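10 protein chains.
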Amino acid sequence: MTDSIYSDLKQLGGATVMPTSPEEAELERVPNPQADVNYNVRFTAPEFTSLCPMTSQPDFAHLVIDYVPGDWLIESKALKLYLGSFRNHGAFHEDCTISIARRLVGFLEPRWLRIGGYWYPRGGIPIDVFWQTGEMPKDVWIPDQGVPPYRGRG
Amino acid sequence: MTDSIYSDLKQLGGATVMPTSPEEAELERVPNPQADVNYNVRFTAPEFTSLCPMTSQPDFAHLVIDYVPGDWLIESKALKLYLGSFRNHGAFHEDCTISIARRLVGFLEPRWLRIGGYWYPRGGIPIDVFWQTGEMPKDVWIPDQGVPPYRGRG
Amino acid sequence: MTDSIYSDLKQLGGATVMPTSPEEAELERVPNPQADVNYNVRFTAPEFTSLCPMTSQPDFAHLVIDYVPGDWLIESKALKLYLGSFRNHGAFHEDCTISIARRLVGFLEPRWLRIGGYWYPRGGIPIDVFWQTGEMPKDVWIPDQGVPPYRGRG
Amino acid sequence: MTDSIYSDLKQLGGATVMPTSPEEAELERVPNPQADVNYNVRFTAPEFTSLCPMTSQPDFAHLVIDYVPGDWLIESKALKLYLGSFRNHGAFHEDCTISIARRLVGFLEPRWLRIGGYWYPRGGIPIDVFWQTGEMPKDVWIPDQGVPPYRGRG
Amino acid sequence: MTDSIYSDLKQLGGATVMPTSPEEAELERVPNPQADVNYNVRFTAPEFTSLCPMTSQPDFAHLVIDYVPGDWLIESKALKLYLGSFRNHGAFHEDCTISIARRLVGFLEPRWLRIGGYWYPRGGIPIDVFWQTGEMPKDVWIPDQGVPPYRGRG
Amino acid sequence: MTDSIYSDLKQLGGATVMPTSPEEAELERVPNPQADVNYNVRFTAPEFTSLCPMTSQPDFAHLVIDYVPGDWLIESKALKLYLGSFRNHGAFHEDCTISIARRLVGFLEPRWLRIGGYWYPRGGIPIDVFWQTGEMPKDVWIPDQGVPPYRGRG
Amino acid sequence: MTDSIYSDLKQLGGATVMPTSPEEAELERVPNPQADVNYNVRFTAPEFTSLCPMTSQPDFAHLVIDYVPGDWLIESKALKLYLGSFRNHGAFHEDCTISIARRLVGFLEPRWLRIGGYWYPRGGIPIDVFWQTGEMPKDVWIPDQGVPPYRGRG
Amino acid sequence: MTDSIYSDLKQLGGATVMPTSPEEAELERVPNPQADVNYNVRFTAPEFTSLCPMTSQPDFAHLVIDYVPGDWLIESKALKLYLGSFRNHGAFHEDCTISIARRLVGFLEPRWLRIGGYWYPRGGIPIDVFWQTGEMPKDVWIPDQGVPPYRGRG
Amino acid sequence: MTDSIYSDLKQLGGATVMPTSPEEAELERVPNPQADVNYNVRFTAPEFTSLCPMTSQPDFAHLVIDYVPGDWLIESKALKLYLGSFRNHGAFHEDCTISIARRLVGFLEPRWLRIGGYWYPRGGIPIDVFWQTGEMPKDVWIPDQGVPPYRGRG
Amino acid sequence: MTDSIYSDLKQLGGATVMPTSPEEAELERVPNPQADVNYNVRFTAPEFTSLCPMTSQPDFAHLVIDYVPGDWLIESKALKLYLGSFRNHGAFHEDCTISIARRLVGFLEPRWLRIGGYWYPRGGIPIDVFWQTGEMPKDVWIPDQGVPPYRGRG
Ligand SMILES: [Ca+2]
Ligand SMILES: [Ca+2]
Ligand SMILES: [Ca+2]
Ligand SMILES: [Ca+2]
Ligand SMILES: [Ca+2]
Ligand SMILES: [Ca+2]
Ligand SMILES: [Ca+2]
Ligand SMILES: [Ca+2]
Ligand SMILES: [Ca+2]
Ligand SMILES: [Ca+2]
Ligand SMILES: [Ca+2]
Ligand SMILES: [Ca+2]
Ligand SMILES: [Ca+2]
Ligand SMILES: [Ca+2]
Ligand SMILES: [Ca+2]
Ligand SMILES: [Ca+2]
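Chains as they are written, first to last, in the working numbering: chain H, 1 to 154; chain P, 1 to 154; chain B, 1 to 154; chain R, 1 to 154; chain F, 1 to 154; chain S, 1 to 154; chain X, 1 to 154; chain Y, 1 to 154; chain G, 1 to 154; chain L, 1 to 154.
I should point out that these hints are in silico values taken from the structure, not numbers from a laboratory.
Computed from a predicted model, the values in this text were never measured in an experiment.
Every residue, glycine too, gets a C-beta built ideally from N, C-alpha and C.
Watch out, some of these pointers could steer you wrong.
[What the hints assert, rightly or not] Not the full set, but computed from the structure, chain R residues with beta-carbon under 7 Å of chain S:
1) Ala25
2) Trp72
3) Pro121
[Claimed, not checked] Computed Cβ-Cβ distance ranges for the label pairs, DEER-style:
4) S:Pro148 with P:Pro137: 34 to 42 Å
5) R:Ser99 with H:Ala35: 41 to 49 Å
6) Y:Thr20 with L:Asp36: 25 to 33 Å
7) Y:Asp144 with H:Glu26: 46 to 54 Å
8) H:Pro137 with L:Val17: 27 to 35 Å
9) G:Glu109 with R:Arg103: 39 to 47 Å
10) R:Arg103 with H:Gly134: 51 to 59 Å
11) L:Glu135 with G:Cys52: 23 to 31 Å
12) S:Cys52 with P:Gln57: 36 to 44 Å
13) X:Phe107 with R:Glu109: 27 to 35 Å
14) L:Glu135 with H:Glu24: 18 to 26 Å
15) F:Pro148 with L:Asp36: 40 to 48 Å
16) L:Asp36 with X:Ser99: 56 to 64 Å
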């Protein structure tokens, strides 16, 4: 069983090595098989980790990405490796979240894209970062990401 | 107790066999008894399963379909058999979700239709697919589908 | 302690008998004491049951009704008896939900009305039915009905 | 430590007696110290109780009040006593909820006000009452009251 | 990076084919690297599906397996393939749940094993099946499986 | 595909009529295919309804039954019809819950049985009824039924 | 439809007046129709209110009562009136909770009784009071009351 | 309305000043009016704050205290002031939690006491501290404190 | 690993002392590295505490701040110290919440800012305060703050 | 403000470097200031990550550790660094969870210790690992870790 739209992929199914930095990571894309309609694809990545650029201590985040594909779909295994490439990379919360989104925007040229970065608390105060490429398209359905707010204890 | 609008149905109440592919599955429809008003019908199918076209491993999804009927209602047993027919069929998440919706659109000619496909995680990252035929009709009530976001562990 | 706006009611406070069919049930109404403002009244009826018209097996639903009263308020005990009158009555999910709403619309002439019918699953796939008389009035507050989606198991 | 805007208050800090009826209760107000911006103040009163005017049996409600203050803020202890004054007072659900809101509107002349009255079930069917003085102001932030719907059992 | 205790495994890392029946599925095991202490390993399989032996319609279940390993650990990929092999196999709920557990008991000779089978509702009434090989060992920690009960709607 | 242990069943698969009283309902049983081990089977029936013997008004309950089968398993369709037969039958909460359990005990001769009856509130105060045939067997696993407590509103 | 075990009741079905103090309230009891087995009956009373004996301000509590009946069942309407009689009665949290339980113990002579009094916070710190007549009987099933703990905000 | 067992209290009802250290805080106690039975009293204090002894930064905790009173009840306002006295006091999590409990043990001589200290995360890792004076008394009912575990984000 | 945009910061990484009043606290800011797009940054501060200006008793709140940065980002450690500086400062709920927001507005000149102050209950009635600088910007994504409403008990 | 029991610590408060392997990480301990009583200390570490030894892909877990200290308390910053040292280390789920616990047991000589390792799903099936050093001590209070079970989607 094969699928011709995937025939150019390099990483899917073969042996893969985690790239050591975001720059080294190679995104891959496949033609959108339903490009004549506008729909939303959501990736939920609860396993994101990077390093604090000031202290080199690990930071953790739960990321959710929504996008309305144009001509291209992101290939999910390559996306996973790209996100994994931040493992030993220093980046601030705001900068890191926005730059992931912008790299996807540049690579996929989606009709619209949104990212939510929900960071684990440091100093008792978590930071969330929310971005989208512009006003939510009216005829496309983009459900709320629904991540529960941080509550402290009790 | 019978209902004449159901008198042409083939599968309801009789013995039924699960169709072996989506193509083989036969949808059925009945006249909409309240066609002079616009309302929304929601089907929730937490038991959807198909195969990955690359690896033939099973995939699972929780599907929710909202539609505003025009002249026709979908018959629910036939819908169930149609969804069951993906059991041994290979399909990508995005393609599969959208094509189910589009087959219903073609068959029912609804005034509006929305599908949410909430797929179980693979590689730690679940994919959700959201589509609707166009902007949500203003005078019809379409509640949020309310499926909780994927949270990982903890 | 009495209240003159209730002085014409027949069923409130006296002995009552559950009507044996929706047709037999008598709705009652009282003048709206706050008719000079637009507000929303919500009834939640988690105890609705009717029969399947094809098999005569019982069906169950959780119903929520929102309405903006005009000159009249529905009397709640009569509403309860009306809903109870479906106990031995055959009706399809879509038809039953919409017809309850339309009878209330005819009887109360509300400024606006909405019904949500959340039916228990049959064949693994529950059906929800959502209707309103028209676009939600802009200056009235109509909170989401907030019924959690069906989740299957796990 | 004192605060001059509170210097005219009668009930705060002194001994207080629960008023025996809503008419007897005296609301108090203080100048709004941030009157040059529009903001929302929410009171949540999970301890409201009144009597049924037909049967004199106690009724219970969870009340939530949102308002955008103009020149005045409600003093919270006086509000608490006013709400407590319904303890031995007969009032229907719809009428009681709306009249509390309207008394506050008359006394505070807020820029906008909303009340949600979430009544405990009687006869298996709870009633919720929702009112606001008009369309939600566009530049003010009024979060959903988020009270969970009644679910029956199970 | 390799691990000698895994050196005899056949299915891990290589291409794998879903076995077509439970009989055909081959379980695999590795030596328990911490066999000198008693601990509990839990597998949660929310993606179980089999066929009803009477009607050949698909059944779905959420399975949770706890076991205290003796000399052997189950290899997780082989377990996944074994569970997947029920996809086109007919089995009743009670029989199916218990037989999965007993095959693991025979193959792994664990110090203790427990299975919970939480089946999706049929006819409105779900069945759960709970088994363990004997009284819970006193010095081992076996947390509750904590699967929420079925609630119907509302 | 057939299963000989079910070959004597009368109601499964054929046309069925809801019995008009509990006395009229016929339970059915099949040999326990795993009778050499002790396990627990749970039925969750969120759709139970009966009548109040004093007022003939409908009562509703969410029932959960756990039992450790001996020689027999209850046949689930017959159980469903038996529970449905209370639809027009008058019974008090305590009596009704216990008598359902005791009829099952007499018919199945289980090694142990437990019933939880979670009744919808009347007069603001729900009643729950809990019974088991004796001390929980030590070597069998009986998870908590986990039905959430009644909370009123708010 | 009548039930002879209820034939001596005074308050059920007739007009009732809320007693003005606990002393004035008259409990009623009926013979236990299933007295040959040990089972648990739970009443949940989310609508309890009394007065603070120091300040005369209203206090509120959510009460849950479990008891294993001996020869008698409490009649639920009389129980409701008894609980309602605390409405204008001054009582401390600890004393009030325990004395309700002990009056029931004296009147019903149950085989075992437990009360949980979950009081609304005063000064930011709620008090819960828990009592039972003795060690939980081993062969009777007494589920946890499951009232969620107080959490403050956030 | 007064209550003689409270006649010796100094702080209740009068003006109070927050003590500036735990040593300065004065606990108060009243005779236990139900001392002939064993019951549990739970205080939930979601507003606890102290200082880190190393950095002087504020720490926060949610505290829950259960105790079975002997001859004395703690007076709740004095307890609140005692807990408030940690506001500017340096104390480690483990030491602080245990020493609060031990001061209460010394002052009240309860039959049994338990404390749960649920501290807000520092460095991503919250600490909880759990202590009780000894084995849980068998005939007294001590419900689980039920504080939800820390989950991070997502 | 350093980041030049942080090179002017005074408090980050060095020894810090909690300022003794809001006036004394020094906010710090860094250039917004993604200033060419509009995004939202959320801080959740579940550890806010101040004093009541009338009674000097501690008050507690859960604060959530959303802002769309312009040229500047708030430095999170300085924000934490600023919020901590209210620890021994008297301020009313409404005034305190709004003034924190306005100080941030003055210092950061954000494109938009919103604050939610969720205060712990006093007298059984919590107050929430909600403010934003103006209508929510249409092309920026500002998720609901999602703090659950206060529920009392039960 | 200092605390003599911490005077020998090397890592607390100074600059720290994440150790590159578990072997390199240095645990630190301080004398238990309340060693004359038995209490439980819980660490919750939702940010644990290691590498799969077969594929070098990252694995993630939520870890919870309970221990009853004897002469020593673990120093929390050193614990955090030790857990962080698994970031680039290959380890199987079962082995990794148990070996963390055993290193703590060797270093702290606690009276009792328990670990729960809740791993993120791989192949749709998460693994949880539970260990304790022996039967739960009877007079110490060890609350359930309460981590919710994995649910898949829907
Ligand atoms: Ca823009
Ligand atoms: Ca909290
Ligand atoms: Ca379109
Ligand atoms: Ca998480
Ligand atoms: Ca229309
Ligand atoms: Ca599920
Ligand atoms: Ca209007
Ligand atoms: Ca056995
Ligand atoms: Ca329900
Ligand atoms: Ca017995
Ligand atoms: Ca409430
Ligand atoms: Ca005793
Ligand atoms: Ca001890
Ligand atoms: Ca404005
Ligand atoms: Ca409640
Ligand atoms: Ca052992």
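Taking the hints in turn, this is what the structure says about them:
no. : hint                               : result
1   : Ala25                              : 22 Å, violated
2   : Trp72                              : 27 Å, violated
3   : Pro121                             : 6 Å, holds
4   : S:Pro148 with P:Pro137: 34 to 42 Å : 36 Å, holds
5   : R:Ser99 with H:Ala35: 41 to 49 Å   : 58 Å, violated
6   : Y:Thr20 with L:Asp36: 25 to 33 Å   : 29 Å, holds
7   : Y:Asp144 with H:Glu26: 46 to 54 Å  : 51 Å, holds
8   : H:Pro137 with L:Val17: 27 to 35 Å  : 47 Å, violated
9   : G:Glu109 with R:Arg103: 39 to 47 Å : 41 Å, holds
10  : R:Arg103 with H:Gly134: 51 to 59 Å : 45 Å, violated
11  : L:Glu135 with G:Cys52: 23 to 31 Å  : 49 Å, violated
12  : S:Cys52 with P:Gln57: 36 to 44 Å   : 54 Å, violated
13  : X:Phe107 with R:Glu109: 27 to 35 Å : 54 Å, violated
14  : L:Glu135 with H:Glu24: 18 to 26 Å  : 51 Å, violated
15  : F:Pro148 with L:Asp36: 40 to 48 Å  : 42 Å, holds
16  : L:Asp36 with X:Ser99: 56 to 64 Å   : 39 Å, violated
Checked against the numbered hints above, the structure breaks hints 1, 2, 5, 8, 10, 11, 12, 13, 14 and 16 and satisfies the rest.
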